Amino acid sequence: MSAAMKNDNIVVRSLAQIGDCALFLLRMLAAVPRSMRHWRETVRQLWFVGAMSLIIIMVCGLFVGMVLGLQLYDVLSIFGGTSATGTVVAIAIYRELGPVVTALLFAGRAGTSVTAEIGLMRATDQIAAMEMMAVDPIAYVAVPRFLAGVIAMPLLACVFCALGIFGGHLVGVSWLGIDNGTFWSNMTATVEVVKDVINGVIWKSVVFGIVVSLIAVFQGYTTPPTSEGVAYATTRTVVASSIAILALDFVLTAFLM
Amino acid sequence: MTDSVSAKPDDSALVRVRGLTTVLNGKKVFDALDIDIPRGKITAIMGPSGTGKTTLLKHITGQMRGDAGEVWVDGHNVPKLSREKLFELRERIGYLFQNSALLTDYDVFENVAFPLRQHTDLPEVLIRNIVLTKLQAVGLRGAAGLMPTELSGGMARRVALARAIVFDPMLILYDEPFVGLDPIALNQVLKLIRTLNETLGITSVLVAHELEAIKQVADHIYLIANGKVVAQGDPKTIADDGSPWTRQFFGGDADGPVPFQYPAGDLGQALGFPGSGA
Amino acid sequence: MSQRQSYAVGTGLFIALGFAALGYLATQTTSVANSSRGPSYTVEAHFANIGQLKERAPVKVAGVRIGQVQSIVLDPGKETADVKLSIDKRYDQIPDNSVATIFTSGLLGDQYVGLQYGNSKKSLADGGTLALTRPAQQLEEMLGKFFGAGGVADNLGGSYSVKGRFTNVGSLSVGAPVKMAGVAIGTVQSIQADPVKLDAEVTLSIDKRYDQIPDDSAAAVFTSGLIGTQYVAIQPGGSPDMLKNGDELVLTQSAMQIEDLIGKFLVSGSPSAKPADGGKTDGDKH
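Residue numbers (this note's numbering), protein chains in the order written: chain A, 1 to 257; chain B, 1 to 278; chain C, 1 to 286.
In short, the hints are calculated from the structure, not lab data. Computed from a predicted model, the values in this text were never measured in an experiment. Every residue gets a Cβ at the ideal spot worked out from N, C-alpha and C, and that includes glycine. A few of these clues could be false.
[As the list claims (entries may be wrong)] Below, in silico cross-link-like pairs of lysine-lysine (DSSO-like), each with a Cα-Cα straight-line distance of 30 Å or less:
(1) C:K197 - C:K244
(2) B:K80 - B:K27
(3) B:K85 - B:K28
(4) C:K84 - A:K195
(5) A:K195 - C:K54
(6) C:K121 - C:K163
[Unchecked claim] Output of the computed footprint for chain B on chain A, the stretches with three or more beta carbons under 8 Å from beta carbons of chain B:
(7) 131-137
(8) 219-228
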């Protein structure tokens with residue numbers, strides 16, 4: 001990385017970053033068995049990246065569902081298809097908005113804090129101190145945060161989707177007066193478990209979880225241990241994660257369709 | 001194990017550095033450096049800023065590896081150790097970081113307990129006893145429930161010291177333990193270093209600039225400059241050995257073997273005066 | 001230690017919440033919710049055309065779900081599709097002369113089988129057959145076909161012109177396709193308002209290849225899909241004489257009517273809504 005940093009070509013630099021990132025992933029995967037003895041730390045990180053992100057995920061999910069319900073009702077009423085509101089809300093949320101918006105929020109909420117935390121741990125020699133206490137920081141610091149992110153993402157996406165459906169129902173049924181039975185029966189008639197929930201929500205969000213957590217941990221771990229370094233690394237986490245999420249979303253959609 | 005004669009662990013020296021050469025970013029940090037750290041003694045390593053004193057500690061703990069030479073610690077050649085062996089060795093070495101490096105996530109108690117929890121499966125009661133004993137030794141048993149952010153610099157350093165000695169190590173490396181401390185805290189740390197050495201017989205390596213403080217505790221002083229040992233001896237005699245290095249370092253002269261000017265071209269030429277520098 | 005445990009409890013709650021949400025999504029909002037619960041019996045129905053009906057589509061009476069489509073099979077040598085309906089045991093009082101019709105839930109929704117009860121005293125038994133069926137509505141069939149129907153027919157073989165008079169052409173425009181059975185056979189050549197008869201005279205240019213169109217065929221202005229452009233549909237009649245260049249199509253159906261129909265279909269799902277649509281009556285005429 002240090003060699004690549006000196007190279008002023010941005011393409012070479014980006015490629016070197018991606019390569020370093022992949023190598024870092026391999027290092028983490030190799031350290032997963034060793035980190036099993038630190039499973040408590042994984043649980044603790046799951047609390048920080050997962051449970052602490054719940055509020056923002058739930059609020060955003062609710063509003064996304066509500067605004068979808070409103071917009072779709074408006075458009076569908078042109079064609080007299082307002083009874084399909086529930087279906088379209090569910091499909092839009094399951095296939096796209098649920099995993100993608102959750103991943104973007106997750107990158108902003110949990111990814112940045114992981115990057116900043118690891119970066120500061122390096123800047124304050126905490127990582128070096130662990131090395132000195134014969135504790136492998138990859139296994140103790142990097143892997144638990146990575147695993148916690150991978151586990152938390154699909155769970156958060158599910159919560160987001162559930163709240164989204166609730167929001168759509170709130171606007172569609174309670175406010176705009178779509179029949180409750182129609183709302184649900186149209187939804188259940190069209191939405192498929194495998195295609196929409198498993199492929200749409202679960203697989204996508206697992207992949208997003210891997211990518212966002214990897215980027216966040218990698219940026220924190222490899223940034224120069226200074227305050228500027230940490231600041232840049234947090235920014236890079238958001239930028240790189242967002243690009244990766246949306247690009248991967250396209251690829252995954254193409255594959256899972 | 002190439003050179004079995006020099007590899008032979010010497011009873012009197014816990015750490016033997018032989019011919020250590022390290023190049024960092026094209027600059028020779030160490031140039032065939034030889035150093036012996038005797039057992040049970042306090043050895044101070046001094047030198048102008050940027051001479052690689054902290055780097056030397058990192059070589060002793062295996063965090064960095066030189067380009068040539070050997071670093072023997074208790075009979076192990078550190079650069080050649082596998083990761084597992086190195087970790088085993090590190091469990092017997094305490095390291096006090098310049099900025100304490102307490103884990104900000106945990107309170108004082110958990111910080112001191114951290115190595116125990118990572119390397120042992122001791123029952124909670126025993127862990128508690130060990131941790132409180134160590135905290136008592138540094139005088140901070142009452143602060144066990146505080147978070148690292150609530151500690152002053154001197155307290156943080158003492159907690160870090162308690163953490164470093166939790167396994168009763170054979171060797172403690174102090175990286176600038178006095179920086180940023182007020183005279184009271186400095187004396188407290190100084191007293192701890194001496195006590196630990198005297199009561200537990202822990203070999204200590206001290207990297208510091210505070211000459212007065214070092215004179216009080218150190219048994220032996222190495223003065224490093226330009227990647228070599230330029231002077232060594234006990235605190236009373238080292239200042240009088242007559243070399244220009246010791247004279248500048250201990251006398252605090254601005255110019256001398258360590259130049260005031262960073263190496264640069266001719267000033268006149270840099271300012272563009274015609275005819276100068278010819 | 002208590003600090004550690006509280007993290008563990010909170011994290012456990014978080015994981016439980018996540019899985020509860022997943023369980024909710026998977027079982028309450030998807031087709032899993034429809035999989036038959038409890039015992040059911042099977043009846044058969046034969047449809048001339050099942051349209052877009054799929055397996056597991058609902059079977060409804062008065063808009064209430066009573067079962068689902070179990071299988072759809074086309075027997076070789078037969079022209080009708082065998083549709084097996086799996087109906088909840090609770091609804092075992094269905095008269096055996098009930099009518100099974102394929103409806104669409106809303107305009108965008110999936111199709112389902114609607115049962116309209118007959119007056120027979122005898123109830124359908126397990127393995128029984130619904131003799132009276134109505135295929136997927138012609139209107140919908142046409143809408144479905146025209147969603148992605150091909151472009152304007154090429155004019156290589158030359159063309160001939162016929163005229164049609166419409167009381168309302170809606171938003172039909174010159175160049176719009178003329179279709180028969182969903183296939184483009186020509187284009188709209190001109191649209192002119194007749195100042196005397198106060199209606200629209202539309203000239204259709206039809207490909208020479210299609211010169212076997214009966215002269216009593218009907219022309220109707222339809223809409224491709226819901227938001228698509230309008231086109232002229234030719235519904236073949238039964239006359240032995242064929243349309244010639246310059247002929248006029250007497251039977252026409254204006255654009256207005258189809259929109260009325262759409263309005264009717266919006267409230268589909270209630271079996272009381274008679275499938276009385278212009279397109280069908282037109283077709284039945286011949």
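Taken at face value, is the distance from the CA of K54 (chain C) to the CA of K195 (chain A) at most 30 Å? With a Cα-Cα distance of about 16 Å, the restraint between K195 (chain A) and K54 (chain C) holds, given a limit of 30 Å.
Count the residues of the stretch 131-137 of chain A whose Cβ falls closer than 8 Å to any Cβ of chain B, and tell me whether that reaches three. holds (count 6)
With a cut-off of 30 Å on the C-alpha distance, tell me whether K197 (chain C) and K244 (chain C) pass. Cα-Cα ~24 Å, so holds.
With the threshold set at 30 Å, check whether the alpha-carbon distance from K84 (chain C) to K195 (chain A) stays at or below it. Between K84 (chain C) and K195 (chain A) the Cα gap is close to 25 Å, so the pair holds against 30 Å.
For the stretch 219-228 of chain A, does the count of residues with a C-beta closer than 8 Å to a C-beta of chain B reach 3? violated (count 0)
Pair hint K121 (chain C) and K163 (chain C), alpha-carbon separation not exceeding 30 Å: violated, 53 Å
Are the Cα atoms of K80 (chain B) and K27 (chain B) separated by 30 Å or less? holds, 23 Å
Agreement of K85 (chain B) and K28 (chain B) with the hint, judged by alpha carbon distance not exceeding 30 Å: OK: K85 (chain B) and K28 (chain B) at ~28 Å, within 30 Å.
Violated hints, in rising order: 6 and 8; the structure is consistent with all others.
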